[in-house]
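Novice: Given these sequences and hints, build the entire structure.
Going line by line, the protein sequences match chains A and B. So the first sequence is residues 1 to 177, counted in our numbering. So the second sequence is residues 1 to 85, counted in our numbering.
Among the hints, a few may not be true.
List of simulated lysine to aspartate or glutamate pairs, DMTMM-like, C-alpha gap at most 20 Å [unchecked claim]: (1) B:Lys17 / A:Glu60; (2) A:Lys62 / A:Asp88; (3) B:Lys17 / A:Asp88; (4) B:Lys17 / A:Glu161.
Restraint ranges, calculated between C-beta atoms of paired labels, are given here [what the hints assert, rightly or not]: (5) A:Gly41 / B:Ser33: 44 to 52 Å; (6) A:Asp74 / B:Glu69: 40 to 48 Å; (7) B:Thr54 / A:Thr156: 53 to 61 Å; (8) B:Asp78 / A:Pro159: 33 to 41 Å; (9) B:Pro73 / A:Pro159: 46 to 54 Å; (10) B:Thr35 / A:Thr156: 30 to 38 Å; (11) A:Asp12 / B:Ala72: 22 to 30 Å; (12) B:Arg49 / A:Asp24: 14 to 22 Å; (13) B:Ala72 / A:Asp101: 34 to 42 Å.
Hints are computed from structural coordinates only; laboratory data are not their basis. Yeah, the Cβ is synthetic: ideal placement off N, Cα and C, and Gly gets one too.
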Amino acid sequence: MSGPAGFRALTDGEIRTRRDRLTDFLDAWGDLRVDDSGGGGNRRLLEFVLEAPGGSLPIEVKATYREYYGRRRDGGWDIAKYHYEYLDVARSKRFAYHLHDVGMRTLVAHAHCDDATDLQDEEGTHRFRAVELDLREAHEEFMRLWASDTGPDCRTLRPLEIPRRLLGANVAQPRFG
Amino acid sequence: MALADAPSAELLELVPKAFYSPSEVAELASLSSSTILNYIHEGRLAAVRLSERTYRIPRKAVIRLLGLEAPAPIVIEDPFRLVSF
Chain A
1 MSGPAGFRAL TDGEIRTRRD RLTDFLDAWG DLRVDDSGGG GNRRLLEFVL EAPGGSLPIE
61 VKATYREYYG RRRDGGWDIA KYHYEYLDVA RSKRFAYHLH DVGMRTLVAH AHCDDATDLQ
121 DEEGTHRFRA VELDLREAHE EFMRLWASDT GPDCRTLRPL EIPRRLLGAN VAQPRFG
Chain B
1 MALADAPSAE LLELVPKAFY SPSEVAELAS LSSSTILNYI HEGRLAAVRL SERTYRIPRK
61 AVIRLLGLEA PAPIVIEDPF RLVSF
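Specialist: In structure tokens form, the structure reads like this:
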């Protein structure tokens, strides 16, 4: 398994350092729970669940960052996919950056945007174009959305178009998640 | 960086909101706004940049700056849990 462009393989120590640094980084934003699972096997999940603003205040946003890693033959870890999710509880909006297989194409970076207040959005979860991001970049974007007056605007995004031949025969574009 | 003896705990409770401006944090911490901006630029204080001159600082970062008690992150490590994807 080889990592996507922009990501390099991590050793056990590096992935632990990454987990701890991201924990420190995200902790400033709200109540944080971190789950590091599977490090003793061949598949590992780093999950960060942030509820903000935290403390005694009602939850306004929830951000979930999941990074999935596969063990390399040399013992290191390659990122296999990620799901960076932002849910604006107060404004009923969801924005996400994903990297995973889409149909027959491997590791496609894309975004999701759902606006529960937009009645014209009848198709549900669409995919939109996006570039590969580091967790910190996604988090900074999510926090900017939270601090802004309006939150995510799905209408500004460009649809992700994948040739039908590269999609599985039973998969209809663009309804899958 | 925690400010011991900061007299701002009550004030922070009186103004319960998700984000604070640098000038509000400066007042709470009895520091200058430029010091707060320096903290942000040095990466010592979390903040979101809304425009070239506009920053917002999350509540928990303010609580930490003031040396007040805040919930610690919960970290669970389970190397033997089966992960599928």
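Novice: Of the hints given before, which are not true for this structure?
Specialist: The structure conflicts with hints 4, 7 and 9, although it agrees with all the remaining ones.
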